[in-house]
Amino acid sequence: MKEIYFNADAGYLEGVVRGYRDGLITKPQYSNLTQCETMDDLKLQLATTDYAPFLQNEPSPISTSTLSARCTDALVAEFQYLQQNSAEPISKFLEYITYGYMIDNVVLLITGTLHERDTHDLLEKCHPLGFFDTMPALCVATTVQDLYNTVMVDSPLAGYFRECLSAEDLNELNIEIIRNTLYKAYLEDFYNYCMACGEPTASIMSEILNFESDRRTVNITINSFGTELSKDDRSKLYPRLGNMYPEAQTRLARVDDMDQVKAILEQYSEYKTMLLGVNLNASSGGVGGNELSLEDRFFIKEVDLNKEAFEQQFHLGVFYAWLRLKEQEIRNIVWVAECISQQQKDKINNYTPIY
Amino acid sequence: MSEHRTDRQNIDDFMLELFDNIAEYRSIREESSAALRQAFFDLALAKRSAGYRWISPDLYSANAQAIATVAVCENSCEVVGGIYRRDIREIAGPDGSSSDCSDDAVDSEKDALSKRCSNSQKSKAKKKCKASDNPLLWFGMLVPPKLKEAQGGFAASLDHFIRLAQLKRSMQLKQDAIKQSLEAVDA
Numbered sequence: 001m002k003e004i005y006f007n008a009d010a011g012y013l014e015g016v017v018r019g020y021r022d023g024l025i026t027k028p029q030y031s032n033l034t035q036c037e038t039m040d041d042l043k044l045q046l047a048t049t050d051y052a053p054f055l056q057n058e059p060s061p062i063s064t065s066t067l068s069a070r071c072t073d074a075l076v077a078e079f080q081y082l083q084q085n086s087a088e089p090i091s092k093f094l095e096y097i098t099y100g101y102m103i104d105n106v107v108l109l110i111t112g113t114l115h116e117r118d119t120h121d122l123l124e125k126c127h128p129l130g131f132f133d134t135m136p137a138l139c140v141a142t143t144v145q146d147l148y149n150t151v152m153v154d155s156p157l158a159g160y161f162r163e164c165l166s167a168e169d170l171n172e173l174n175i176e177i178i179r180n181t182l183y184k185a186y187l188e189d190f191y192n193y194c195m196a197c198g199e200p201t202a203s204i205m206s207e208i209l210n211f212e213s214d215r216r217t218v219n220i221t222i223n224s225f226g227t228e229l230s231k232d233d234r235s236k237l238y239p240r241l242g243n244m245y246p247e248a249q250t251r252l253a254r255v256d257d258m259d260q261v262k263a264i265l266e267q268y269s270e271y272k273t274m275l276l277g278v279n280l281n282a283s284s285g286g287v288g289g290n291e292l293s294l295e296d297r298f299f300i301k302e303v304d305l306n307k308e309a310f311e312q313q314f315h316l317g318v319f320y321a322w323l324r325l326k327e328q329e330i331r332n333i334v335w336v337a338e339c340i341s342q343q344q345k346d347k348i349n350n351y352t353p354i355y
Numbered sequence: 001m002s003e004h005r006t007d008r009q010n011i012d013d014f015m016l017e018l019f020d021n022i023a024e025y026r027s028i029r030e031e032s033s034a035a036l037r038q039a040f041f042d043l044a045l046a047k048r049s050a051g052y053r054w055i056s057p058d059l060y061s062a063n064a065q066a067i068a069t070v071a072v073c074e075n076s077c078e079v080v081g082g083i084y085r086r087d088i089r090e091i092a093g094p095d096g097s098s099s100d101c102s103d104d105a106v107d108s109e110k111d112a113l114s115k116r117c118s119n120s121q122k123s124k125a126k127k128k129c130k131a132s133d134n135p136l137l138w139f140g141m142l143v144p145p146k147l148k149e150a151q152g153g154f155a156a157s158l159d160h161f162i163r164l165a166q167l168k169r170s171m172q173l174k175q176d177a178i179k180q181s182l183e184a185v186d187a
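Same order as they appear, the protein sequences are chains A and B. Per the UniProt record's numbering, the very first residue in the first sequence carries number 1; after that it's consecutive. Per the UniProt record's numbering, the very first residue in the second sequence carries number 1; after that it's consecutive.
Isolated chain B (complex conformation):
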């Protein structure tokens, strides 16, 4: 009987956590959707200003490298966090509106997940980039301000995507745990 009570209590706890995750997921998703929408619109404005030939994939560098990547735990395939080749706050916008890209930004749940991952890569390279590393320079030195804002918008969205991936993983784990607990109760 007490075991059933424990199982039922666990189910309740998991359900509450799942609902919290869902609420957070929806909130972040709306936020990132609005940010991306604005960034794409800023890009369209920049193209209109500078010319559609000047801001196009034709000017991408053949040696392009990602300014940020995502660390994934090899064992559990969980997204641990972002790895930034350059300080993302440099390109987040004039009000520095990007989320903090340091390890402090990882919440307790991510810490717990990353601790279970024995081979997690949490290195972080936050060094000042050289001018030629900035993709903005592919389109010239004198780019429209809207292009800089668009870049800032896309860069600031990365942390949202990382959190969304983590929440999705967490929700999946919770669903599995609830299922197991229900099966235990039925048994």
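Next up, chain A with everything else stripped away, as it sits in the complex:
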């Protein structure tokens, strides 16, 4: 029965986000982009996309970092339009999406303060979607207790700090633990919220968030090889959801190399299919025809899940799915730009196609 009333509250915004989805770059457009010889050519081709208003005033030659920043501005503008025109329950759902960016901003500011960077510069580099009022005060904190008592207690992330308070000084290791612990708590909280939203949001978002959790588990495992992070600490960073929770996570917490990771993943049917033909040591694969890396496979799977979200109506998952597809599109554009600027034309087709 909820579907009957969904359009009254959210019909307009669902229409808007589906319009945004239709503006994503298609395969023929990607084909034009990959044939560009220079960054100016690329900028000219992007003039026919939704990024045109944000790129037209950039002086030539445009750098890849500027291109990434302007494309992100386009994404932010569209997302903020949704936020400004939303009411409950969409406003709460969109707010939950911004918590991930808030965590990134908190970590950016703490890390920058540790490295004695200028506060004003750091604030300008924060993600606009993750801004909150007390964020500028983060720069004065030197311990986790200070961080919580001074700043975070009044922020939307306060509830996620419970598991971080055992850390004392803010050093590189503790900051990384804080970052992943916050994100773990956020992912679990977001998952519970989505389940409480009822069907069809619950089923669509549970599949997406379970996959996100599994991917984080694998990435944390792989990136922790050869670092000071102990195996016990590693296991504490895994989100408590996903297909790999709890059995595979217990085993992944003990592994030491990529072969062991692959052996564990192959025991799950959804990941066994994904691992077929994957070269764990491949640098990058993708449509270009080279061997696929595990990361490429994760990107492809994520795109498939987010595209599927648009197959149903009257649910909140389309907003999350659109945002992730847009981010993948920006990743693709910047990848093409990097290949053009580095004269790596043989790798230029190693992006993850969406439509």
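Derived, one-sided and incomplete: chain B residues facing chain A with beta-carbon distance under 7 Å:
#	residue
1	Phe-40
2	Phe-41
3	Ala-44
4	Arg-48
5	Tyr-52
6	Asp-58
7	Ser-61
8	Ala-62
9	Asn-63
10	Leu-137
11	Gly-140
12	Leu-142
Some chain A residues well away from chain B (every beta-carbon gap over 10 Å; in silico):
#	residue
13	Glu-58
14	Val-255
15	Leu-275
16	Lys-307
Derived coverage of chain A by chain B (criterion: at least 3 residues anywhere in the stretch with Cβ under 8 Å from a Cβ of chain B; other residues may be distant):
#	region
17	108-122
18	223-237
19	329-338
20	341-354
What the hints contain is simulated information worked out from the structure, not anything from laboratory work. The C-beta atom is built at its ideal place from N, Cα and C for all residues, glycine as well.
Got chain A sorted already, so can you dock chain B onto it with the hints?
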């Protein structure tokens, strides 16, 4: 007559050495070009993996110090060798593919040049670095493996650049010597 023969012989010798230097220069240049190209590509892959916001100059430390510098002879402005604040083999990659950074790596020609330099600084600090000295940690503890490979590639290229600078200097000296010898012959 014998003087002319000596001058001509010197010219021949210098020419042969010059050609050897040119061949070595081209070989090292190609090698370092390929290594740098791969390192920049690895950096692009790491940015794609971790996010373009996370691996960017925004996270550089304000107290950044070079992990390696180059010793230059004050008198002759020749590049003598590299001075490493930390063991470069730690960051060269899993196969330890970096070139040896000890004094043994300096060849006889560099030894000869450095001996003529009275104030050369050939100190070497090969101590284990503290974790906070590693620039990789600016981007977090759990960085993508590709970023570590990129760092290794850039670090391993330093020895190539030092050798290229030395060869360029050597070629310049040879060219000057050939010119002088030709002038002596003409005279």
